[in-house]
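Novice: Protein sequence lines correspond, in order, to chains A and B.
Mapping to my numbering: the first sequence position 152 is 297, numbers consecutive.
Mapping to my numbering: the second sequence position 71 is 106, numbers consecutive.
You can take every hint at face value.
As a list, the in silico DMTMM-like pairs of lysine to aspartate or glutamate whose alpha-carbon atoms are at most 25 Å apart:
{"id": "1", "chain 1": "B", "residue 1": "K111", "chain 2": "A", "residue 2": "E248"}
{"id": "2", "chain 1": "A", "residue 1": "K525", "chain 2": "B", "residue 2": "D78"}
{"id": "3", "chain 1": "A", "residue 1": "K246", "chain 2": "A", "residue 2": "E536"}
{"id": "4", "chain 1": "A", "residue 1": "K598", "chain 2": "A", "residue 2": "E262"}
{"id": "5", "chain 1": "A", "residue 1": "K523", "chain 2": "B", "residue 2": "E79"}
{"id": "6", "chain 1": "A", "residue 1": "K598", "chain 2": "A", "residue 2": "E276"}
{"id": "7", "chain 1": "B", "residue 1": "K111", "chain 2": "A", "residue 2": "E536"}
{"id": "8", "chain 1": "A", "residue 1": "K598", "chain 2": "A", "residue 2": "E284"}
{"id": "9", "chain 1": "A", "residue 1": "K523", "chain 2": "B", "residue 2": "D71"}
{"id": "10", "chain 1": "A", "residue 1": "K320", "chain 2": "A", "residue 2": "D162"}
{"id": "11", "chain 1": "A", "residue 1": "K242", "chain 2": "B", "residue 2": "E45"}
{"id": "12", "chain 1": "A", "residue 1": "K575", "chain 2": "B", "residue 2": "E45"}
{"id": "13", "chain 1": "A", "residue 1": "K347", "chain 2": "B", "residue 2": "D71"}
{"id": "14", "chain 1": "A", "residue 1": "K293", "chain 2": "A", "residue 2": "D280"}
{"id": "15", "chain 1": "B", "residue 1": "K111", "chain 2": "A", "residue 2": "D373"}
{"id": "16", "chain 1": "A", "residue 1": "K523", "chain 2": "B", "residue 2": "D64"}
{"id": "17", "chain 1": "A", "residue 1": "K246", "chain 2": "B", "residue 2": "E67"}
{"id": "18", "chain 1": "A", "residue 1": "K242", "chain 2": "B", "residue 2": "D64"}
{"id": "19", "chain 1": "A", "residue 1": "K525", "chain 2": "B", "residue 2": "D71"}
Since the hints were made in silico from the structure, they are not lab data.
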Amino acid sequence: MSTTYQNPVYDYIRSADQQSDQPAHHPLVIVGAGPVGLAAGLDASVQGIPAVIVDDNNTVSVGSRAVCYSKRTLEILDRLGCGKRMLDKGVIWQEGKVFFKDELVTRFNLLPEEGHEQPAFINLQQYYLEEYMVDRTREMDGIDIRWKNRVVGVDNDANTQIVTLTIDTPDGPYKITTDWLIVADGANSSVRSMLGLAMEGKTFEDRFLIADIVMKADFPSERWFSFDPSYHPGQSTLLHSQPDNVWRLDFQLGWDKDPEEEKKPENIIPRVKAMMGEDVEFELEWASVYTFMCRRMAHFRQGRVLFAGDAAHQVSPFGARGANSGVQDTDNLLWKLKLVMDGKAPDALIDSYCAEREYAADENLLNSTRSTDFISPKSKTSLRFRNATLELSRDYHFAQKLVNSGRLSDAAFLSESPLNSADEESFAGKMVPGALMDDAPIQGDHDERWALKVFANRFQLLYFVDNASTLSQTTANQLLALNQGEIAIQPVVVATSGTAPQGIRTVLDSKGLLGRRYDARNGTCYLSRPDQHIAGRWRELDNNKITQALNTATCNG
Amino acid sequence: MSPTSSLNTESNFRRTGQQEFRAYRAGDDFYEALIDAHLGLTDEQSEQLNAKLILLLANHIGDLEVLADALDAARKGV
Numbered sequence: 146m147s148t149t150y151q152n153p154v155y156d157y158i159r160s161a162d163q164q165s166d167q168p169a170h171h172p173l174v175i176v177g178a179g180p181v182g183l184a185a186g187l188d189a190s191v192q193g194i195p196a197v198i199v200d201d202n203n204t205v206s207v208g209s210r211a212v213c214y215s216k217r218t219l220e221i222l223d224r225l226g227c228g229k230r231m232l233d234k235g236v237i238w239q240e241g242k243v244f245f246k247d248e249l250v251t252r253f254n255l256l257p258e259e260g261h262e263q264p265a266f267i268n269l270q271q272y273y274l275e276e277y278m279v280d281r282t283r284e285m286d287g288i289d290i291r292w293k294n295r296v297v298g299v300d301n302d303a304n305t306q307i308v309t310l311t312i313d314t315p316d317g318p319y320k321i322t323t324d325w326l327i328v329a330d331g332a333n334s335s336v337r338s339m340l341g342l343a344m345e346g347k348t349f350e351d352r353f354l355i356a357d358i359v360m361k362a363d364f365p366s367e368r369w370f371s372f373d374p375s376y377h378p379g380q381s382t383l384l385h386s387q388p389d390n391v392w393r394l395d396f397q398l399g400w401d402k403d404p405e406e407e408k409k410p411e412n413i414i415p416r417v418k419a420m421m422g423e424d425v426e427f428e429l430e431w432a433s434v435y436t437f438m439c440r441r442m443a444h445f446r447q448g449r450v451l452f453a454g455d456a457a458h459q460v461s462p463f464g465a466r467g468a469n470s471g472v473q474d475t476d477n478l479l480w481k482l483k484l485v486m487d488g489k490a491p492d493a494l495i496d497s498y499c500a501e502r503e504y505a506a507d508e509n510l511l512n513s514t515r516s517t518d519f520i521s522p523k524s525k526t527s528l529r530f531r532n533a534t535l536e537l538s539r540d541y542h543f544a545q546k547l548v549n550s551g552r553l554s555d556a557a558f559l560s561e562s563p564l565n566s567a568d569e570e571s572f573a574g575k576m577v578p579g580a581l582m583d584d585a586p587i588q589g590d591h592d593e594r595w596a597l598k599v600f601a602n603r604f605q606l607l608y609f610v611d612n613a614s615t616l617s618q619t620t621a622n623q624l625l626a627l628n629q630g631e632i633a634i635q636p637v638v639v640a641t642s643g644t645a646p647q648g649i650r651t652v653l654d655s656k657g658l659l660g661r662r663y664d665a666r667n668g669t670c671y672l673s674r675p676d677q678h679i680a681g682r683w684r685e686l687d688n689n690k691i692t693q694a695l696n697t698a699t700c701n702g
Numbered sequence: 036m037s038p039t040s041s042l043n044t045e046s047n048f049r050r051t052g053q054q055e056f057r058a059y060r061a062g063d064d065f066y067e068a069l070i071d072a073h074l075g076l077t078d079e080q081s082e083q084l085n086a087k088l089i090l091l092l093a094n095h096i097g098d099l100e101v102l103a104d105a106l107d108a109a110r111k112g113v
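Looking at chain A on its own, in the form it has when it is part of the complex (with noise of 0.2 Å):
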């Protein structure tokens, strides 16, 4: 049905796997190439991990899926060098409204503060996001995707603590092996079934039409969220823009509604029409109808079998977050995966991936579950609160505050991690242990314009002083020492003016952001984390401190 995308077919290569006699074996296999699976393929290849990625399939999402993609998940694409290319093709947006029987009562605005690089949101066809991501991969070293090569067993050996896949293609199956798989296959993943292991969780009874048009329209890029509407009265609907004339057009159902009717472009047409207009022009592009379930598997792990993304814990739509909890599922994994791999952690360190990503599955399940019972009412009374709530949203900023068409995803606050070191003295703000960092213009030393594009990858350690050349000899030597340990950290002086001596990276913090959201002085320090979260901060230089926080952000403590 689709007009404006042509999807990729992707060769089936014969690998020379195939021929071996013995199953080949590799240090780290991944099972699927949607979103998630491709983010763990191009984050392996950052850290140095050759990686093979399995595809059932030879080409990219059919259909526009998943949409939306949060400013985490640009930043994280951006880490991996693909953001850019997102960004330029993606409608960027950050402002949502809320009609209630056709009647703006509210709005939101999900960036409103200046000084971030990534915008809040860009929607953007699914399939676009994945052929670029495959084509970053042909860029990157070390990753081998498989097309047409489904796993069809899986034997996930406790006593070698090797995993055997048998895998099928056009020419016949063949076996390899792996130290690690990532299993990252979608919602109905079919190696968490081969593996017996099941989610928890509960299926809500309602149904909901996506249908994607085109249409030549100048709403502005937003997301419009409608309760009551009088074209489609009782229900719900939503609007959203995505590149290329293509506009998501979302419509509550019912439960009662026969999903194979409403799937019927004659069924749909009428709907879109009561929605946009009797005169709109428009073709439609895709459509499916859809029910959800909110669960999560009880362990994100199982021996060396580590689950991302949707195989791993699956939400309702209203918040986007799924796509973009996967890709911060191996966001948070790689980087733990290369150090134990490399013997520099122990295996307690991969158990702490599933400590915080069941964590934020759970934040993220709590969320969208909420949304979907405002949205979809369950009782009468439920509805009668639902309703009373935007009726008093007309006029009433908290109710406009409660009314809950969506609380859309963002990274996850790990403040409770067992990697943290707790804060012995007192800081202002948002950054605490767990936190995500938050992005600030600056001037880097190589020329980079953007925090994010210098504390990404490694172990660092953030210097705040006001001028870089007045560092002494003792403290630059004591920084430089940080990167000396068996895990290195990279130190990073950050100043208003001035260069740190001994070469040492400085990052100029042109418009005060990074002071100000980081509540820093003169002597504070922040130790951050390959995927730019915090792990300790202190305000003065202790090595003893910084090197014990360290140990505990790799389980070595």
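Once you've looked at the hints, dock chain B against the given chain A.
Specialist: Leaving out everything else, chain B in the frame of chain A:
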């Protein structure tokens, strides 16, 4: 509503002694607790719960001027 009203209609849900990272969180926590309080009740039982809840909260507020404003605001449009 009278111009001297002290009925607070700004968002006011909060949790003491805990840093809140997201503005919507405390309100959503309350809303969920409110809906959950009704789980398993018949419609009549729910009405009874609501009536008791209003009386408890009204007594907690106590200030008759505030309560009069709240009654006016709630009555509007019904």
